[in-house]
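*Asks:* These are the residues of each chain, in order.
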Amino acid sequence: MSLTQYSDPEAPTTSIFAKDDLAQAHEDATAPPQYKAAKHWSEYAGPISLFGVFVGFWYFMSYWGLKHLFGKPSFLLTPPHIVIHDSFMMWINTKPLLEALWLSTRVALVGLIIAIVLGVLLAILMSQANWIEKSVWPYLVAIQAIPILAFVPLIGNIYGFNFRSRVIVCVIIALFPIVANTLFGLLSAERGQHDLFTLRGASRWTRLRKLQLPAAMPAIFAGFRIAAGLSVIGAVVGDTFFRQGSPGIGILIDQYRSRLNNPVMYGAVILAALLGITFFIIFGWIGKRVIGSWHETTRKTS
Amino acid sequence: MTAVAGSHSIGDIPGIAALKFDNVSMTYPDGTFALDSTNFEVHPGEFVTIVGPSGCGKSTLQRIASGLSKPSTGTVTVDHDSLGYVFQDATLLQWRTVRKNIELLAELNGVPKAERQAKARETIDLVGLNGFESKYPKQLSGGMKMRASLARSLVLDPKLFLFDEPFGALDEITRERLNDELLSLFQRSGFASLFITHSIQEAVFLSTRVLVMSARPGKIVGDFAIPFEYPRSPELRFDPAFAELCGDVSHALRGAHS
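As you go down the protein sequences, you meet chains A and B in turn. Reading the first sequence from the start, the letters are residues 1 to 302 in the numbering used here. Reading the second sequence from the start, the letters are residues 1 to 258 in the numbering used here.
Same shape as in the complex, but just chain A (with noise of 0.2 Å):
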């Protein structure tokens, strides 16, 4: 029994401390509350400011740069407004830009997704065992390492040359970064975290899912950020490569490109670039809400 000459029967089931000391145990709580005030002017200010700046050398290099500094033809950099117009303006160029944009949309989100439950999974069974990392560690810099074009031959001559070829292209780019931050995650809880597991005998699947994915979420999400900007990066050279099959933006900005029609091309251009940006704040604005409650950052955010 556990019963000792310590042990009071007739004690109080409430605080054993006294009340003064509660009070100072909160103010003990130093950890400064968080606030959350309405967003400042300058939160603004700064990207409005630097899209400016943006905009501006643009016109500045379309209407005098390009042919004074480099000596180039002005028509080379179309100026923003004669590309907003002939881009998304003129029914007859938006229409296509807009189904290369849906296409290449889901070829990115497709092949994201697949990238994704593949490099976590991966990263899952290389944390389980050193062995199982070490051996697959050199494919993983190889298919990071080798360029993308040494593969179109093989994939196409497989597949052909449309929505799985490019899927397949996009997964390729987008794994790396997925199963390398997902493990280096998985294999960053502390060693006493650790400890507390090993010392009430938890499972190796228990460990996983209550300490070592959780601990890893902030390095998974910086890690699917990442591949969600490559993925629409593969979307793009994917079908640039393959050049047969139902355009994507890929394919449009090659024909722009050949057809010196760059005001749509630089259209082309701008979509593909918006895509990868929407990607990019989905993910971040997924990982906030997933990990934001606890994960501590040095930059004080609202």
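These are computed hints drawn from the structure, not numbers from a lab. Here the structure is a predicted model, which is why all the values come from computation and not from measurement. Even for Gly, the Cβ is constructed at its ideal location relative to N, Cα and C. Keep in mind that the hints are not guaranteed to be accurate.
Not close to chain B: a few residues of chain A, all C-beta gaps over 10 Å, as computed [stated by the list, open to error]:
#, residue
1, L50
2, W64
3, L101
4, P147
5, N162
6, F176
Label pairs and their calculated CB-CB ranges [unchecked claim]:
#, chain 1, residue 1, chain 2, residue 2, range
7, A, T198, B, S134, 21 to 31 Å
8, B, S134, A, G284, 21 to 31 Å
9, B, T73, A, N130, 28 to 38 Å
10, B, N130, A, G192, 19 to 29 Å
11, B, G168, A, I113, 45 to 55 Å
12, B, G55, A, S135, 37 to 47 Å
13, B, S134, A, Q144, 37 to 47 Å
14, B, T75, A, Q128, 26 to 36 Å
15, B, G168, A, W137, 37 to 47 Å
16, A, T198, B, D248, 31 to 41 Å
For chain A, the structure is supplied; the task is to place chain B on it using the hints.
*Replies:* Then chain B, alone, in the frame of chain A:
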């Protein structure tokens, strides 16, 4: 003064010591000789503290006691299912609220949800974390984290608590308050304790018995019964008898390291 230390009426019966080290030695694979044939027992109702300098093998001893490390030779007798532990760091899980952190060990033990939630609520009251249940560790001060760490094990109703320099990183004021509170818990809950520290004052204030450890390889070279009655008032720290005992322990420590 009543000699509480000597009065472990239950512990004197052989075989039911909460923890028993029998000739335990530890040599690490790299050749570090950390612990040399150590013998001691912790009986129910006892608060045993080991003092020693940094690097003397105290933490090794604690890891062996908890079962995290296996000794090279000798035997350790302890019931692993009735252990509580507080490490040097609070080792809270950052993604769990205080409440969920306090439930963790019970959860790992498979205690049903309703039961562990009720137990956690009770324990939160006990350690003075009311109002902090929904906070995350990053929102807590060092002292509050340690309270949560303590509560996490209290939920298990441990028969033996292992403390590995739990308050070492805290400021003096917080440390003394947590010492006072720990003693209240000790009296109330009746767990036996094995406490590791390098603070002689802390050791003497808390314990029924203080063991002094030599430099590496660690060996127990002094054994002091601390006769002060519980409950111990914070004022005890200014008692001449207390100072004298601290002096004796300090002397033994220096003797072991000269």
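*Asks:* Looking at the structure, which of the earlier hints fail to hold?
*Replies:* none
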